[in-house]
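Novice: Read off the chains here:
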Amino acid sequence: MPIKSSIASYKKDPFVFCSVILLLILLSIFILYPISMTLKLSLTKGGEWSLASYAAIFEKAYLQKALVNSVVLGCFTATFATIIGFIFAFLLTRTQIAGKTFLQFMSTLPIISPPFMLTLSVILLFGKNGFVSNHLFHFESFSIYGLQGLVLVQTCSMFPLAYLTLSGILQGIDSATEDAALDLGASRFRTFLDVTLPLAIPGIISAWLLVFVGSLADFANPMILAGKFDVLSVQAYLQFTGMGNLELGAALSNFLLVPCLAVYALQKFYLKKKSFVTVTGKPLRKGGDLTTKPMRYFLGLLAYSISAFILILYFTVLAGCFTKAWGIDYSFSLENFRYVFDVGWKTIMDTIFVSAIATPIAGGLGLFIAFLIVRKRFMGRRVLDVIAMIPFSLPGTAVGIGYVLAFNREPLLLTGTATIIILSFVFRNMPVGIESAKASLMQIDKSIEEAATNLGANTAKVFREITLPLIKPASFAAMAYVFVHCMTAVSAVIFLVSARWNHMTVLILAQTEILRFSAAAVLCLILISVVLSVFWLLKKLIGIDTFKKGAFS
Amino acid sequence: MSSSNVKLQHLRKSFFDIHHQKENVAVEDFSLDIQGGELVTLLGPSGCGKTTVLRMLAGFESPTSGHIILNDKDITQLPPNKRNSAMVFQSYALFPHMNVEENIMYGLKLRGFSKEEQSQKLSGFLDIVNLRGYEKRKPHELSGGQQQRVALARALIVKPAILLFDEPLSNLDAKLRESMRNEIRNIQKSLKITAVYVTHDQAEAMAISDRVVVMNKGKIEQIGSSQDVYLRPSTRFVADFMGAANFLTQANGKTLVVRPENIKLHSLQDSLTGEVRQASIKEYHFLGSVHEYHLHLQTGEKIVARLPVSMDEKPHFVGENIQVSFDQKNLHQLSG
Amino acid sequence: MKKHSVLTYAVVALGFLFLGGCKSSNSNSLFVYTSLEEVTAKALIKAFEEETKIKTEFVRLSTGEAGARIEAEKNNPQGSIWVGGPAGSHAEARDKGLTIPYHSPATSTLNAKYKDKENYWSGLYLGILAFVANTDQLKKLGLTAPETWADLTDPKWKNHIQIPNPGTSGTSYNVMTTLITKFGEQDAFNYMKNLHKNISQYTRSGAAPIKNAALGESAVAVGYTQDIFRLIYESKAPLQLIYPKDGTGYEVAAVSLIKGGKQTELAQKLYDWLYSPAASQILADNFNAPLVKTKETQVKPEVLLPVTLKLIDTDVDWAGKNRQRLIDLWNDRING
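So the sequence lines, in the order shown, correspond to chains B, L and R. Here the first sequence is numbered in the working numbering, starting from 23 and rising by one per residue. Here the second sequence is numbered in the working numbering, starting from 220 and rising by one per residue. Here the third sequence is numbered in the working numbering, starting from 3 and rising by one per residue.
Next up, chain B with everything else stripped away, as it sits in the complex (with noise of 0.2 angstroms):
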């Protein structure tokens, strides 16, 4: 946009203009500066500029081993997880195969649930004093610790992620399609490849690229179950807090960095281009299957497995809770609630609170945000816009060290306060509310708000009366995931943690390393308990429709 129009522009609508610089300045003082602190302190070595961090990760043969862990942990997760989540993603869209609510709830349910839950459950059934492995049966050699158990777990807490992307794809992909296939002749499978598969592939190459970066930026699961398999995310975590090495640690988390944001790069401009979807898809398939009704039946025993294990490990959870002493006593017993109650009250209140205080922010700024980006012009929109999305494509513990790093001095000085903690949710969870925002913004015919401006209302008052009322019910779904990603963050959080405010995933973390498996299972309880009692209020609230169909990415 040329300068002089750029600025007459400005002139006639001052309220935009102030909101641009101060938005501008928020971001590039919570957003911006953390991570050139990151930056800087990965290029020094003992205070002088130096590469040798980096270098370390290509010399030194833990790192390579770290490295190559992550990417080969990466592609397996990835790949099981695109397979299981386009196989529900094809059942939900493509199939009349019973139990559909059912299944969907199950697709969606890791989501909600704090990131240990599954290693939790997975270490309660077939860890050394497992369960399965012990009890039931004796394992002799199996050990759940290492690779084997996280691509476990990660495939299972992950899935959710590839399903929401293809099933998107999916139903993205105009049925007529298929019907016209059919109806020149070709099998259902025969359609399934010529049609449905190459349309999707876009979507299946988005969702695989998701996953893997999922799992090289996870971080809590590789604590519990790593064993002796290195990964980055873990190292750079070690590095910065245990072993005292902060340039290597601000570097490992950097070098995790690059993956995140180059997919998401990649999402953004070039897959969506590539994609074949028609904006005029209808919604779900109707009439008959596009599956013959063995392989309907085939891969419905799949999916319908995969969520009994899942549930199986829900209900360990559960079960774990009440159990005195998992391994050695299994004897009904509250004796953990009370434990946890004395120990970890004062963190589940501190929880609760920097969430609520988080979420309506983070909610109430993307929307804003999302309502200059969309409706208003002006110059720098692209500017904000990127610059406002970039947390959540980064790792958590790039992150938590760039927090750290940023706002441990003058005039910001916020480690050890809730601040800190609140600030990285807000900044870190706001994308999800300004994508939210913005596709409900496009959906909202803009002439509504230009009458408004017709008859006299300002930018602001557009916003408060016109805007907001019709884009509620959407927001406030995504003020819903907000929540839960404020509630199950761990990765961020952990180098945000203080002596005066803890955070109940951190506490999970400690207990599961102290073997008391059973509080943190209570802790778990606790955490899933609190974050389905928000959206059943929120659901109440706005009502179900809307909540389904809920911006979530």
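Restricting the straight-line Cα-Cα distance to at most 25 angstroms, the calculated cross-link-like pairs of lysine-lysine (DSS-like) are:
1) R:K76 <-> B:K67
2) B:K250 <-> R:K142
3) B:K250 <-> R:K158
4) R:K323 <-> B:K82
5) R:K199 <-> B:K250
6) B:K483 <-> B:K34
7) R:K312 <-> R:K302
8) R:K199 <-> R:K184
9) R:K48 <-> B:K368
10) R:K264 <-> B:K368
11) R:K57 <-> B:K368
12) R:K323 <-> B:K67
13) R:K323 <-> R:K119
None of these hints come from the bench; they were simulated from the model.
Given chain B, work out where chains L and R should sit, using these hints.
Specialist: Chains L and R in isolation, oriented as in the chain B frame:
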């Protein structure tokens, strides 16, 4: 290749609505005999069941009861890919990742034709639909009308026994619609393919069909030629749907259908014979080819008249009291 | 929910945000970083609070984590005192300029060997390195408990031993320095390379391996006697403690004041109190052998060392200065 005949016998399609605990009937007792080489149009407002019938014919919906017989073979239970029908979809449903020639030849590929045979046939049909030169284009690089023609060629090339059209022109603008419908009709006629056409546009239906089936709320209102349904509608619904219509209740209780173009206006002084009424003009609009007058009859009814425009005649004016006469031979009495 | 309430809520939330920020910096509590066993720390802090009425809060971090945390916070230290963790790590912190000296009157009776020459840290108790074996697991494996450090590298123990990660745990680093003192750096690293084959997991925290042994997750673990004794007493797990016959190392669990801490005066009070009879008794109750005690202090009988045990002294300052280098080396050569 001889044309195929199709018999639709007592087709019924109903759904059970769990939420409201009742049965929804989309199509009720639909029967129709289609002769070889005929183009029959299913015409009606949205929700009348015409598309459902078409989809049952194609195999995308299963009839709750009834049979579909194609050339003496009962195909009711056959899946869509086993029937010898081809459909042109409303959204064209072109394969977005394939170019024009790949789209058109897809059906041939499925049937195992060699590359040479495919190319040969392709060539012929490209000319028929006038798309030579566009072979390598992708669907998103084509205009609506061009996509339409690709869809048509794709369906024709496999030589289906019946050709099905699901409102193929509704996404095109008016002028294009007119030229495309004539093209479709001409191709269908020259290839002598039996065709079933679905539309909500009555002008389109009348222009291209051998017979028209007027549907309403899942039932057949009338089956007949274009002239039949327009000039001799059997129900009030058909009369009203096929075009603008005035309804006058007569002394014997029967309803008279008077089309606007069959009304003449005369000054009060003229002496006239036959069906004549007194009226005053309440509204006047100039429509280019006709003058449109909204009249209040002395007997209280309101009617609309459309008279051809002639440059040397002045139109009547609003407020004028005139006499109205109806063209006797073009009046139609509704039975029942 | 009315539209205004969302904005109001947001504004209120913003208010809390800054309140939350202010809350922390205005606190008058004494913040303690401790690397002692959680239960011990809790007991000590509780007693200190009751006796002195000084509100105290603590966070338990492993040695490595505590050191890193204090370093990361050096511009705005959250804690005022670091209690526990081996003297070597306190020496390292001193060298990095993170701690301040304090000549506590309570340490006058302390042996010079167990305090820093310039009063930067002083010792609370000695932790002796020992093995613990789960006898049930041994039976299952058909093995007898290891008796020497050399035993641990026997291939029969493959994947059955757990020790902490030397980078994050003082316990494990202590093992490393002990081995280096005993065998020299070259041989010690060869030893550790062989040991590596038998390690199933390097845990993050120092006490995890022996807890794992108690649970049967590992057959053999290395840890401090105070932790092992507590486990044997509390968990009723089938555990056997073994003092290595070829000599063993020990740690001097130390305490130092953090530079720039917000409550240095209160921290000094705690520092002094840790040598009081009350504190010594608490340490003794938790299976430690406090370095400063009175005639009345009742030390647990198991804690008394066998006369035949050879203790290997490591140079604390040397251990502190070389930690980073040795950890890097370990990561490179053993972990890679």
